[in-house]
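Novice: Let chain P serve as the given structure and place chains B, R, Z, A, C, X and S on it in line with the hints.
There are 8 protein chains.
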Amino acid sequence: MNEEQIRELLEAVRNGESSVAEAVSLLRKLPFKDIGFARLDTHRQLRRGFAEAIYCEGKTLEQIKGIIAALPDDGVPVLATRATPEVAQVIQQVRPDAVYHETARIVVVGKPAEPRSEHPVAILTAGTSDIPVAEEAAVTAEVMGNRVERLYDVGVAGIHRLLGDLDTIERAGVLIVIAGMDGALPSIVGGLAAVPVIAVPTSVGYGASFAGIAPLLTMLNSCAPGVAVVNIDNGFGAGYLATQINHRGL
Amino acid sequence: MNEEQIRELLEAVRNGESSVAEAVSLLRKLPFKDIGFARLDTHRQLRRGFAEAIYCEGKTLEQIKGIIAALPDDGVPVLATRATPEVAQVIQQVRPDAVYHETARIVVVGKPAEPRSEHPVAILTAGTSDIPVAEEAAVTAEVMGNRVERLYDVGVAGIHRLLGDLDTIERAGVLIVIAGMDGALPSIVGGLAAVPVIAVPTSVGYGASFAGIAPLLTMLNSCAPGVAVVNIDNGFGAGYLATQINHRGL
Amino acid sequence: MNEEQIRELLEAVRNGESSVAEAVSLLRKLPFKDIGFARLDTHRQLRRGFAEAIYCEGKTLEQIKGIIAALPDDGVPVLATRATPEVAQVIQQVRPDAVYHETARIVVVGKPAEPRSEHPVAILTAGTSDIPVAEEAAVTAEVMGNRVERLYDVGVAGIHRLLGDLDTIERAGVLIVIAGMDGALPSIVGGLAAVPVIAVPTSVGYGASFAGIAPLLTMLNSCAPGVAVVNIDNGFGAGYLATQINHRGL
Amino acid sequence: MNEEQIRELLEAVRNGESSVAEAVSLLRKLPFKDIGFARLDTHRQLRRGFAEAIYCEGKTLEQIKGIIAALPDDGVPVLATRATPEVAQVIQQVRPDAVYHETARIVVVGKPAEPRSEHPVAILTAGTSDIPVAEEAAVTAEVMGNRVERLYDVGVAGIHRLLGDLDTIERAGVLIVIAGMDGALPSIVGGLAAVPVIAVPTSVGYGASFAGIAPLLTMLNSCAPGVAVVNIDNGFGAGYLATQINHRGL
Amino acid sequence: MNEEQIRELLEAVRNGESSVAEAVSLLRKLPFKDIGFARLDTHRQLRRGFAEAIYCEGKTLEQIKGIIAALPDDGVPVLATRATPEVAQVIQQVRPDAVYHETARIVVVGKPAEPRSEHPVAILTAGTSDIPVAEEAAVTAEVMGNRVERLYDVGVAGIHRLLGDLDTIERAGVLIVIAGMDGALPSIVGGLAAVPVIAVPTSVGYGASFAGIAPLLTMLNSCAPGVAVVNIDNGFGAGYLATQINHRGL
Amino acid sequence: MNEEQIRELLEAVRNGESSVAEAVSLLRKLPFKDIGFARLDTHRQLRRGFAEAIYCEGKTLEQIKGIIAALPDDGVPVLATRATPEVAQVIQQVRPDAVYHETARIVVVGKPAEPRSEHPVAILTAGTSDIPVAEEAAVTAEVMGNRVERLYDVGVAGIHRLLGDLDTIERAGVLIVIAGMDGALPSIVGGLAAVPVIAVPTSVGYGASFAGIAPLLTMLNSCAPGVAVVNIDNGFGAGYLATQINHRGL
Amino acid sequence: MNEEQIRELLEAVRNGESSVAEAVSLLRKLPFKDIGFARLDTHRQLRRGFAEAIYCEGKTLEQIKGIIAALPDDGVPVLATRATPEVAQVIQQVRPDAVYHETARIVVVGKPAEPRSEHPVAILTAGTSDIPVAEEAAVTAEVMGNRVERLYDVGVAGIHRLLGDLDTIERAGVLIVIAGMDGALPSIVGGLAAVPVIAVPTSVGYGASFAGIAPLLTMLNSCAPGVAVVNIDNGFGAGYLATQINHRGL
Amino acid sequence: MNEEQIRELLEAVRNGESSVAEAVSLLRKLPFKDIGFARLDTHRQLRRGFAEAIYCEGKTLEQIKGIIAALPDDGVPVLATRATPEVAQVIQQVRPDAVYHETARIVVVGKPAEPRSEHPVAILTAGTSDIPVAEEAAVTAEVMGNRVERLYDVGVAGIHRLLGDLDTIERAGVLIVIAGMDGALPSIVGGLAAVPVIAVPTSVGYGASFAGIAPLLTMLNSCAPGVAVVNIDNGFGAGYLATQINHRGL
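Chains as they are written, first to last, in my numbering: chain P, 1279 to 1528; chain B, 1279 to 1528; chain R, 1279 to 1528; chain Z, 1279 to 1528; chain A, 1279 to 1528; chain C, 1279 to 1528; chain X, 1279 to 1528; chain S, 1279 to 1528.
Simulated from the structure, these hints should not be mistaken for laboratory data. Some hints here could point you the wrong way.
[Said to hold, decoys possible] Partial chain B-side listing against chain S, Cβ under 7 angstroms, derived: (1) G1336; (2) N1509; (3) I1510; (4) D1511; (5) N1512.
Ideal Cβ positions, reconstructed from N, Cα and C, are used throughout, including at glycine.
Pulled out of the complex, with its shape left as it was, chain P reads as follows (with noise of 0.2 angstroms):
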């Protein structure tokens, strides 16, 4: 029930086409149930601007492909995470100009949103191997409406490189910075920037690394302020939540 039904049974309350109790039996009900659709209206409405985003992983192409047909082609850009290069032409088989971001493993359908803040976000990888959740994240960050400099193979067993380039780091209005192994970086870049620092743990490595968990407690307890954490390899949620950070104020 959307605004003019409600609007509806208000004018047949006053006209006397419909009785009191009638009407409010009819409320009752209402409230979660069409509230529910309402508000994803109001949330559709706020994030404009914003990518849909379907992450891949786990779904079969048939459903990747539904899914993508059923969206409507609103202007608003769709995110494909997760991608091989399968659904890749699955989804190009439905809409043609589908582009494939290889390593960021991701398909953007529709026309990426403009740049909306004069700063970038500015992406650090601590080795080469943590690109593709780098480019996870840049890819996500750029459709979304920002501009994304790069800095990756930054690690701190090599910190002459990242003291290098700190140019980047005092231009960007939000970093993102991806480490696995002893997933330092983090912690220094937080002690060198003014403003907030993701940090996302990568799954990359060997021995005690466990899989991104020991990275993970280490950007935890990271003893420099400005410094939050998402998931392990989340590079799509590093990029989101860095737009949202880059456009506040806007």
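Specialist: Chains B, R, Z, A, C, X and S only, in chain P's frame:
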């Protein structure tokens, strides 16, 4: 070596008072050390208006007194966190204007910053026993220049309490959501809100909550994007990060 | 806004005292907030005969006193769980009829409900040190309207003790089985019983029982179907759930 | 030794065909062994109408075929769980009436029991990838004599979807709530429902969900009473327990 | 119902004082319950010469006193383990002949059994802080009828100490090897000995020994066959099992 | 240097063919190295009748072939454990008399030892999927000189099956009890038996059994004394230890 | 900006071609960035004679080829670690002099450094399956300028093998001790040796060795001082650290 | 049996005072036992100049006093670690020259060794609460013959502090780097230094630092080679190992 000294050295070179070789040798030793101190100032500059913070747990009363006494009285407020009543007394001996927030376990020295954003920082807790952590976040955010709205005891076992106060969520510039036990609240708030959610797991709980591990994992695995996590019981870190986000673009 | 108020609003619309636009505007704001309170009542209605419960651990004596004083004396019994003797004294100041069950660590305020099922709730423990958790479950179930049969210290290391009392298992409408250390008892009872088994791991134990993790895992891995697990030491939860099951179909 | 044989022995004693000493000796050896078998029958009796179940994972096709062939065709339906299509084919060779439920990974041999309760078992999932576990629970409950209502993909990140379907929750005799990742759904449903909630964590997820540990801990720590937990991915166990609860008092 | 009663029942049948139907009915109810008690006796019989044991931790002084007073003074020695000096005093009030072994934290009531094997039980510890656990094992083994040889503080960091006393290892009928920290001693002893090695991890240690988990894992992973592990700090269990092994074939 | 050589050296000293200084020098170098080999022999002597064992997992076919070929054909049987059919074929090329036990994954080279104890080793499993581990234990025990009685699929969910076969437990000289999932069987058997119980957790299971951690913890926490635990899936270790125990006093 | 450029700038200042202000401005920007590169050179200088290392796992063949091609052929040997045979082939296309060490999984490009210490690096393993990790350490140490002595398969279950070769331990300048499963070897070697012991846990094992956690904990808890631990399976790290220690004071 | 006694035995053989058989018998028993003691001496010899150490935690005052009194006053300094003020007093009763280092919790008995290397041992901490562990390492290293340079509170959240003191890192012969919480400091120092880095995790911290597990994992996963880890809080072990490394080649 500061800028003044570099200038003097260069003039000595120009004047022939110093050879190029001598100057090269001096400059080779310079970078990290002196720039180190230089950067320190820059940072303080960048963060002007932010609070200094002293983590009191594990420090002796004597040490805390010494640190407080040594801080410049430059208008920047100082937060002494995890402070017992004894710590508060000792600080008040040195700085009689210090104010003790007992539930938050924080001593504030100096005048809190003026709110700089029209949006409040909203702080939600699942239960009443999460309130000390919430107050640590609240006092931190207030001292660093934010208005704070508190919405306590709105845990998911009685979801109607949360739904009855959606306005608070919608007004906020950033949300801090604090929960122990099942840690489910940030997921729901993340699904309702359009601004960043900082999730804080608390060590409150019993049985298999394992001093905060259970809600920590819940929060990291939140199905709602836009949720980031800080360390268990880390109210200060949440308040600090919330400030960085809430002051973005200002 | 309750039903009465909705009715008045509708009549105002019918009478022309309120415009449709005004009414729509009022109704749009209503749903979550007021329905929130409405649902609360509905729930209380549905659960009539059930107990209110206050978890005392981590609350101050002052807080507990305040909560008890604020509760309506409407015949619904109140359980104050994890209550120390001091808590009991404080409650008895406000409600002199309160009864303290020391082993169960529960204060009962008000009159327990009458048993509603012909089947008792049977509560078994593996050892004697599991008895406090068992009594928490037992008092909870009794107050909420069940007869309780206790069968304590029938652990698997002396299986003959259990087998000597099969009648109790067969009579019960639902079983609560409590064990620490190896946590094996629910598996065996689950294999013998035809009714649901609620397994409660306890933190009783030493060595590699890890404060209840060992029996918790044992119970989750029970090879007998019909066994569900609640949190470590959660006697109240077990008693509550047992009541819901035992009152089914009544 | 069955009742018949005991009777014969006693008559032999009465007739003097057997001495008291001989009879004592025979009876001393009897109890556990023969009563063992006796109990087996009793149990089967008690559970009449319930299904037999075979867990197929880790059994060879040959073994499964043998077990199915050996089962009496006595009207009690048989559930072969975790069955691959190959398992289904093998079973259908022996019992051509067997039906394969592919998503549930269950083969049902024989006729499902008639629904015995007016209340349905309601099964909710947080996401679409939880559906295989949900279907395992659903088919189990249906075969054991329940109507099932499915409410899939109503996770907490979009709480309006759940709130839009409260009727299903209110109609149910018992609820099975299935979730991976943050595992928060059972807490919310537990707060809304007046009947028992069986929570099933799933191994669906990535990052720090650790193959189901994260939602398992969330569910064990649920702040809502009336929630019990079964093993990770254990749809069969949930369906079985739901039946025991839903048939209570019938 | 004991053998005597079965005999009487059978004679009543033979005499016609009881019908066959009545006897069947009585016997049907008998097995588990009464055989339960019967088995208890049988077991006691089988274990004649073994000690009764009471685990004192978590029992009140009153409870312990009651249990001791209720035990028959039948020559079987009683071990009260994890006993504080207060426990010892209380026991000595009831049984003045009780002896308190302070380091072992055991009170022995009654006369220890005579050694039954020519081979001693050899007990080795890695460090001096493992001695309380070792003494618990030693006193248990002595009371249950074994000679004990102690070889303490022969940890692997000074392997020469162990190698200097190989005779003890070679003489023993069974070995109990106790270690905290790295828990490496049982592996080496297992490689040198031809008899079973019972490994006992202790919670002694600091850093990453995690209250006994580190040595527990070491011992479970021992590369030497013939090593079995009991619970952390479980000296009693080790002494009991050592007796069972040392008395084999006697 | 063997005893013969020491004797020759001493005679050379006595005959003046070697100086004391030369002999001292030779003897100084001797101890560890040569006694090393001497001990090896001594050990082999002590363990005469025991089997050699080769753990095949992680070794190449070439390596296994080489080891088998290098072993002396001295009547001592050799066990190649964790052997695939390919391993069996390779061994049979070198030793055509080798026998492959497929379920046990063991190749036996040479003639098993004669049973040396009148008591069998009884091997119990909770489920059918524990059988490979049980067979590894059984073949090991048989080859090392024991009669073995198998009692499979007697898990605690159907306790009557176990109680129906108490004779096996009572006849045994030592018990090996194997279980995955809840791992509860050894606790019950330990309560019924008067001889040592070797508990073997298996990695069989799903959900929260965590590849054997759950049953491992259950077994370590067994409330029945006389239970010791070996590594997860370590059938060979259990069979070896059972032999050491069963041959005690012979 | 390198030293040459600084010199030119200073000469421009001296010659009046550049103003002091301009020079200050240039120098202000210099430190981190350019000194960054400067330090890199310095470091390379300090480490002259050390090897460059490329971790191949997780890099594409194309990436590895590119890195190798880009490295200067300056006499410093290059180690490509965790290299498959395919990686070796690709490297040999670019650098035909590359040598593949298959067991060590290392490709060495360029000429190994000459041994610089009279003491060898001794590398011990507990088992044969630890050899790949040992060879990674051995080849690393050899290429970086050490003689290596190998002592494999001297685990604690047969301590005589280790004691038979004490000379190797005494000759060494530093020891690398590698073990899986119980990880006990470094403790014993640490007790015998007077030089540093680098302990390397391996993921070799089964059951409760948990992919290296068990030996890792054992080694961290080593009772012998002078033992330090590197990551699980980290042969390269051990070889590198051993070189740093063995070249100390040279 | 020492060399002297072997010589006498051989002369007895030569003189005919002892038969060859008698000598063989005596020599057979000798190796392990007496070589054991012999090796002890050898070791003491090799380690001359090193300190004896007594770990006081878990020892009674009486025991510590006894050990100190029994030690020879041979110029080798003695370290009593984890010593409370009470322990210090007791030791000073026996050895009035004993010096108590309160922060380090060490009592030093006897004269520290002279520094033997021109390079200092540099000890860095991330925070001020790591200082007790650092001082334990520092006093150990000083007593064992090293100059120590302390660089405290240079954690990664303020990287400029570390970079401002690079000289200390470059001068050192070996580095001990101590950190709790995120444990990131050793990774950065390892990237800057050319000498071995001994990383010490501390149990200082809160939230998800888990009493040192978080920094321990960080350090094990350090991306910089040349970093090895000792146990949590193990300052003594770090100081001991640093000495072994710093004295290499001297």
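Novice: Double-check B:I1510 for me: the hint is only fine if its C-beta lies closer than 7 angstroms to a C-beta in chain S.
Specialist: This hint holds: B:I1510 lies near chain S, its Cβ roughly 4 angstroms from the closest one there, short of 7 angstroms.
Novice: Under the criterion of a CB-CB separation shorter than 7 angstroms, is B:N1509 in contact with chain S as hinted?
Specialist: 4 angstroms, holds
Novice: Can B:N1512 be said to touch chain S, with a Cβ gap under 7 angstroms?
Specialist: Interface hint status for B:N1512: holds (6 angstroms vs cutoff 7 angstroms).
Novice: Closer than 7 angstroms between Cβ atoms is the bar; does B:D1511 clear it against chain S? Give me holds or violated.
Specialist: 6 angstroms, holds
Novice: So, as I understand it, the hint says B:G1336 touches chain S; can you test that by seeing if any CB pair is closer than 7 angstroms?
Specialist: 4 angstroms, holds
When each numbered hint is compared with the structure, no violation occurs for any of them.
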